[in-house]
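A.B. asks: Using the sequences and the hints given, assemble the complete structure.
Protein sequences, first through last, are from chains R and F. Each residue of the first sequence is one higher than the last, beginning at 1 in my numbering. Each residue of the second sequence is one higher than the last, beginning at 113 in my numbering.
The set of hints was computed from the structure by calculation and includes no laboratory data. These figures come from a predicted structure and were not determined experimentally. Treat the hints with caution; some may be incorrect.
To be verified - Restraint-style ranges between C-beta atoms, simulated for each label pair: (1) F/Pro196 / R/Thr45: 27 to 35 Å; (2) R/Asp39 / F/Glu209: 22 to 30 Å; (3) F/Gly171 / R/Gln54: 26 to 34 Å; (4) R/Lys42 / F/Glu156: 26 to 34 Å; (5) F/Asn183 / R/Leu111: 46 to 54 Å; (6) F/Arg153 / R/Asn18: 28 to 36 Å.
Glycine included, every Cβ here is placed at the ideal spot set by N, Cα and C.
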Amino acid sequence: KQEVTQIPAALSVPEGENLVLNCSFTDSAIYNLQWFRQDPGKGLTSLLLIQSSQREQTSGRLNASLDKSSGRSTLYIAASQPGDSATYLCAVYTSGTYKYIFGTGTRLKVLA
Amino acid sequence: DAGVIQSPRHEVTEMGQEVTLRCKPISGHDYLFWYRQTMMRGLELLIYFNNNVPIDDSGMPEDRFSAKMPNASFSTLKIQPSEPRDSAVYFCASSLEGWDTQYFGPGTRLTVL
Chain R
1 KQEVTQIPAA LSVPEGENLV LNCSFTDSAI YNLQWFRQDP GKGLTSLLLI QSSQREQTSG
61 RLNASLDKSS GRSTLYIAAS QPGDSATYLC AVYTSGTYKY IFGTGTRLKV LA
Chain F
113 DAGVIQSPRH EVTEMGQEVT LRCKPISGHD YLFWYRQTMM RGLELLIYFN NNVPIDDSGM
173 PEDRFSAKMP NASFSTLKIQ PSEPRDSAVY FCASSLEGWD TQYFGPGTRL TVL
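C.D. replies: Below you can see the structure in the form of structure tokens.
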């Protein structure tokens, strides 16, 4: 059974800092992995989707990497801004289950 | 496109009452998902549809929950009778393919007293 873990559960950083969010999964037979952002009281917004054959995917200040064999993904946020404050969730699409399993998220606060 | 639309945004009801949540997916998306989010259990998939047909309902907690998709532009999630432990935020999402980028609605915050 696929399990997805995100550590730390919460993170506070000063504005301008580069930071890394972590996502671990137990079953490496994945099809792809998505990173989402959730603002308080809102739905999830997909940030990046990285296929199992890819090593990384970039969008603006965001870079997601994937190491399928070790069951890890990281989301790198460059030059963080207060507007980046949100909860970030990763979700893994596992071959055979045909659905996404979500991590519990990392709550990020960027201080001005 | 307006994105995924959910109604109501907030619902407060009493234990034992029937609750119906509604979702309109993005036009052209063949997949529709219902999720539930709580502090204790995080985001859980309840059921998903492909071309209006339920494919996997293994996440539906019990027989009190039911979901329908009568056409490509509308789905409902019904709880009857509701219980306090059903209190959560319920999200609807849609995508072109099951493994594709998922687009979430704003959610319905359900409180069962």
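A.B. asks: Between R/Asp39 and F/Glu209, does the beta-carbon spacing fit 22 to 30 Å?
C.D. replies: Roughly 26 Å apart at Cβ, these two residues keep to the hinted range, so it holds.
A.B. asks: A range of 28 to 36 Å was offered for this pair. Does it hold for the Cβ distance of F/Arg153 and R/Asn18?
C.D. replies: 32 Å, holds
A.B. asks: For the range 27 to 35 Å, tell me whether the beta carbons of F/Pro196 and R/Thr45 fit it or not.
C.D. replies: Taking Cβ atoms as reference, F/Pro196 and R/Thr45 lie about 30 Å apart, which means the hint holds.
A.B. asks: Could one say that the CB atoms of F/Gly171 and R/Gln54 fall in the range 26 to 34 Å?
C.D. replies: 28 Å, holds
A.B. asks: Determine whether the Cβ-Cβ distance between R/Lys42 and F/Glu156 falls within the hinted range of 26 to 34 Å.
C.D. replies: 18 Å Cβ-Cβ, so the 26 to 34 Å window is violated.
A.B. asks: Please test the hint of 46 to 54 Å on the beta carbon pair from F/Asn183 and R/Leu111.
C.D. replies: 48 Å, holds
Hint 4 from the earlier list is the only one contradicted by this structure; the remaining hints agree with it.
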